[in-house]
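Asks: Working from the sequences, and respecting the hints, build out all of it.
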Amino acid sequence: MNRAPHRTALGSILLALAGGGMLSPAGSQVAPEARIHPSIPLLDARGQNVLRSGDPVSPRATCGECHDVDYIEAHTVHGGPGSKAMGTPAHVVSSRPWSRDGTEEAEMNCFLCHTPHPANEARLEALRQGLVSWAPGATLANTGIVLPSEGGWRWNPAAFDGEGRVQDSLLALQGPRTRNCAQCHGIAGDEMDDPVTFTGLGSGAWQTVSRGEVISPQRISESGVNLVGKSALTRSWDVHAERLMECAHCHFSENNPVYRKESPATQPEGLIFDSRRMPLGAYLQRPSHNFAGQSATGGGTRVSGALSCRSCHDPEPTHRWLPYAKRHTDALACEVCHTPALYSVSIQSVDWSRVDEVGNPRVTWRGCAAGCETAATDLVRGVEPTLLLREDEDGRSRLAPYNLVTSWYWVEGVGEAPVDLERVGQASAGTEDVEEIRRRLTGMGVEDPRLRGEIRPYPIHHSVASGEWATRACSACHDEDSRLSRAMVLASSPPTGELPGLEEGAGAALAGSLRLDADGALVYDPAPASAGLYVLGHDFVWWSNLLGILAVLGTLLGVTIHGGLRWRAARRRGAGLHPEGPPVYMYTTYERAWHWLQALAILLLLATGIEIHVTRLGLLDFALAVRIHNVVGFIVLANAIFAAFYHLASGEIQHYLPRPEGFFNAAITQARFYLSGIFRGEAHPFEKRPGRKLNPLQQVTYLAILNVLLPLQVITGVLIWGAQRWPAVDGMLGGLVFLAPLHAFGAWMFAAFLLMHMYLTTTGSTPLSNIQAMVVGWEGTGTAEGKAGAV
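Going by my numbering, the letters in the sequence shown line up with residues 599 to 1389, in that order.
The set of hints was computed from the structure by calculation and includes no laboratory data. Note that the Cβ used here is the ideal one computed from N, Cα and C, for glycine as well. Treat the hints with caution; some may be incorrect.
[Unchecked claim] Ranges of calculated distance between the beta carbons of each label pair, as one might list FRET restraints:
#1 Gly1118 / Gly1041: 44 to 52 Å
#2 Arg1084 / Ala1205: 24 to 32 Å
#3 Arg1084 / Ala1167: 54 to 62 Å
#4 Thr795 / Pro755: 37 to 45 Å
#5 Ala1167 / Gly1130: 31 to 39 Å
#6 Ala672 / Ala643: 13 to 21 Å
#7 Leu842 / Thr1213: 31 to 39 Å
#8 Glu1020 / Arg841: 45 to 53 Å
#9 Gly1118 / Ala643: 51 to 59 Å
Replies: Now the structure itself:
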């Protein structure tokens, strides 16, 4: 057959593409419907036209006329694992989309991805019947090019033109679309009228069953899923599908010159843009089938190309509403908030320790109200992904959402090779007892059979929610019931009590611990602390709050007892307090304004600090509490700096400085008054006057507060506020794990001081005289009988 015209036609097309025919003058891609592939003959394995030979089509021979199929086969890890890949021994996982469970090689099937409506079920049926060579031809069953015949298939002559080429309107070769990917990857497509259902989940929906992902522009509320709360879910299944994006827009060929990006390691210094690109004709001859962001296995052990949300999106401009936005984006993957829940089902565990007569394992599901025995009709509750630690392309380790699939299977010998499933099926026939199966395997010659458990993490990248549906409430993480630490059940009844391990080379690390609960279920408990995170509102250090609360309770108990004894002694004496002398202008306007501003600020700091550092009272939104705390904290800092300047410049600092001579005797005298003299109605031992407002105990107290406690709160508070601005400084001092508890302990000490301070204001000539003086400035303490004593 003369193939020159076909080569010439395609060659002219490639030349046109190389000259820029694929791009508009503005640089935008032409619409996917503008197909450019010429009509081609279908060739069999010997290179003969199938219309003449009647033999099965060979995609390798057909496409190899213009494309380098050897290169394509050598540059792809695009496997097609089915349901058996959910955490199975390696020997039962398909290694290529054109292999039949790794046991019988079929030819690479280009039609499955490059025709608009591939007949995947017909292809699978051909494989099941052993018609391996006819599987690519069966893929064309929806086109009319091939027709069923007795015991196989035959070619339809009406589908070919006079030169033996298949009609382009029937074959319609094109770049892969989302519906092509959905043949193997799960529920995906752009259909709006056909409601999404979970009917037939299995080997052709491995991404849905392994991750729970549904990629569709359809509103969840309009789907056919029996879902809890469905009517309120007016969002789409996936925002990227809603924006009419195809899978290939993100998962493009690695050597596609349109997406070429020079590596910083090889790009010459000072070169901003390199205009050199592979000619488009050369690319179409040798298109790599390693796709950006593609995983070599379902667990994501190898990522081909750097692909993440940050490949297209800059989170900074759209997250300015978020307190400490950079801190969040440095610690959490975008999917944590933008895929908060999956409104679908996914596999929970696969137990290969006992298989049925045809070698199928026992599979359990998560996301259904009743175990997902019939995923198409069962009531679906949805799945909340758990969080693991992964290293992103920028070198940072972040928490990211995963679905965990746990599997158990038999291994033997020192090398722990998986036991053949046929023998496992024979050994498990008629019994559920693991020890009995072990004995039977030993009797079959299996050396030292034992169960191995393995957790395979499947990363969540799809079913993305748009901004209004993403997690925005701070309480989702900054609360006692934080999503970051919510447990995930891995198996309700594991076959062994030994804890499984994470799959080797999983591309992620557990950020928590495994345990068996009281009912024997295997549970994963995430722990943000194991990922190096300290989550305000959720995490706390027990000693900090315990010591602080004890200090406050001790102070409260002390003033309660002391006040009760004063009241009792006064009633027994039957005498009033010492009379006031002539009024004295004790406090200036600035002193009073400074005092009440500080008092209000400290109360606000304590109230918001409890919301942030101790427990969520629910009085304020967490983000609002953080903002108020930060603003008021800086007001206190500014007020303290101005006060220090004022007291130093005016000489008022002398009120706070104890005089060395006779200080200890004076302090003892003042202490004796509080402990005994006050109960007998004695006058304050030290006279309060404008030039000397504080007694010795007050001077020591304020000296400690202003020189120790206040600087401690200021320094730790500023460092916590600056955690995302100066991460190196924060890290050198131990991070929030050290700073937050220390800051909280200081706050408890301030609360204890505040209680003591408020109580001692009642020890003036009347219970309210000291407070009145701080309001109006005048205090009636002119005689020796009205002496200073209030703190």
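Asks: Now tell me, hint by hint, if it's right for this structure.
Replies: Tested hints:
For Gly1118 and Gly1041, the Cβ-Cβ distance of about 28 Å falls outside the hinted range of 44 to 52 Å, so the restraint is violated. Between Arg1084 and Ala1205 the beta carbons are some 28 Å apart, a value that agrees with the proposed interval 24 to 32 Å. A hinted range of 54 to 62 Å holds for the C-beta pair Arg1084 and Ala1167, which are about 56 Å apart. Distance hint check for Thr795 and Pro755: the Cβ-Cβ separation is about 39 Å, which falls inside the suggested range of 37 to 45 Å.
Range check, Ala1167 to Gly1130: about 57 Å between beta-carbon atoms, so the 31 to 39 Å window is missed. In this structure the supplied range 13 to 21 Å holds for Ala672 paired with Ala643, their Cβ-Cβ distance being about 20 Å. Range check, Leu842 to Thr1213: Cβ separation about 46 Å, and the 31 to 39 Å hint is violated. Remark: the range hint 45 to 53 Å for Glu1020 to Arg841 is upheld by a beta-carbon distance near 48 Å.
Look at Gly1118 against Ala643: about 55 Å separates their beta carbons, and that is inside 51 to 59 Å.
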